[in-house]
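S.K.: Sequence:
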Amino acid sequence: MKMSVGNMYNYFSSKEELAKFAIKYSTNILAEELKEINQLDVSSKEKIYIFVKRYLENVQNSPEVIEYFLRVYLSNREVFKQGCEGFLCVGEFVTEVMILLEEGASKKEFRQQDFFPAFSMIMGCLGGFAFLSGEKVLDKDLLTYSDAVADNIYRALKYDE
Numbered sequence: 001m002k003m004s005v006g007n008m009y010n011y012f013s014s015k016e017e018l019a020k021f022a023i024k025y026s027t028n029i030l031a032e033e034l035k036e037i038n039q040l041d042v043s044s045k046e047k048i049y050i051f052v053k054r055y056l057e058n059v060q061n062s063p064e065v066i067e068y069f070l071r072v073y074l075s076n077r078e079v080f081k082q083g084c085e086g087f088l089c090v091g092e093f094v095t096e097v098m099i100l101l102e103e104g105a106s107k108k109e110f111r112q113q114d115f116f117p118a119f120s121m122i123m124g125c126l127g128g129f130a131f132l133s134g135e136k137v138l139d140k141d142l143l144t145y146s147d148a149v150a151d152n153i154y155r156a157l158k159y160d161e
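First residue of the sequence shown: 1, per UniProt numbering; consecutive thereafter.
Check before you lean on any hint, since a few could be wrong.
Said to hold, decoys possible - Cross-link-like lysine-lysine pairs, in silico, DSSO-like; alpha carbons within 30 Å at most:
id, residue 1, residue 2
1, Lys-35, Lys-20
2, Lys-45, Lys-136
3, Lys-45, Lys-140
4, Lys-53, Lys-136
5, Lys-53, Lys-107
6, Lys-45, Lys-15
7, Lys-136, Lys-20
8, Lys-35, Lys-45
9, Lys-53, Lys-140
10, Lys-20, Lys-81
11, Lys-20, Lys-108
12, Lys-20, Lys-53
13, Lys-158, Lys-81
14, Lys-53, Lys-108
15, Lys-81, Lys-140
16, Lys-15, Lys-107
17, Lys-108, Lys-158
18, Lys-53, Lys-35
19, Lys-81, Lys-24
20, Lys-35, Lys-158
21, Lys-107, Lys-136
It should be emphasised that the hints constitute simulated quantities derived from the structure, not laboratory data.
Could you build all of it, start to finish, from the sequences and the hints given here?
M.R.: See the structure below:
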């Protein structure tokens with residue numbers, strides 16, 4: 001952006017407002033990608049694989065986006081308590097995850113389950129790998145784990161006959 005951090009503050013009424021804007025911006029990137037994936041005419045399993053790959057590509061190519069979410073949003077909830085309660089600041093992304101899960105369940109590709117355990121299964125795996133990548137503890141390139149992570153998520157969600 002070629003702008004100092006101090007100059008950025010001039011465009012927002014407070015540091016908190018800047019933080020809220022940043023979290024909305026970063027999660028909307030993920031929401032747009034997942035929205036595109038949700039519109040594809042492929043199985044829910046394939047959507048999981050595509051989403052995991054794109055998410056991990058984001059972690060690798062733009063780690064600051066995911067790091068901001070993990071290190072600022074989740075660990076500094078007091079900054080976001082006014083006007084960002086619950087899922088308000090990340091609502092578009094949460095909605096797209098909900099659509100993915102609901103469509104998979106309606107097609108009997110995913111089992112019908114409460115949203116929060118399913119959401120946590122997806123985001124826990126992805127957040128964990130983003131964290132491990134950021135800490136530089138993975139012994140292989142991040143993207144080499146994509147299929148294994150997607151497979152674990154899919155197995156946790158799939159419909160059992």
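S.K.: Does each hint fit the structure? Answer for all of them.
M.R.: These are the hints, each one checked on the structure:
no. : hint                 : in the structure
1   : Lys-35 with Lys-20   : holds, 22 Å
2   : Lys-45 with Lys-136  : holds, 29 Å
3   : Lys-45 with Lys-140  : holds, 24 Å
4   : Lys-53 with Lys-136  : holds, 18 Å
5   : Lys-53 with Lys-107  : holds, 23 Å
6   : Lys-45 with Lys-15   : violated, 40 Å
7   : Lys-136 with Lys-20  : holds, 28 Å
8   : Lys-35 with Lys-45   : holds, 15 Å
9   : Lys-53 with Lys-140  : holds, 15 Å
10  : Lys-20 with Lys-81   : holds, 10 Å
11  : Lys-20 with Lys-108  : violated, 37 Å
12  : Lys-20 with Lys-53   : holds, 27 Å
13  : Lys-158 with Lys-81  : violated, 35 Å
14  : Lys-53 with Lys-108  : holds, 23 Å
15  : Lys-81 with Lys-140  : violated, 38 Å
16  : Lys-15 with Lys-107  : violated, 45 Å
17  : Lys-108 with Lys-158 : holds, 8 Å
18  : Lys-53 with Lys-35   : holds, 15 Å
19  : Lys-81 with Lys-24   : holds, 14 Å
20  : Lys-35 with Lys-158  : holds, 21 Å
21  : Lys-107 with Lys-136 : violated, 39 Å
When the structure is compared with the earlier hints, violations turn up for hints 6, 11, 13, 15, 16, 21 and for no others.
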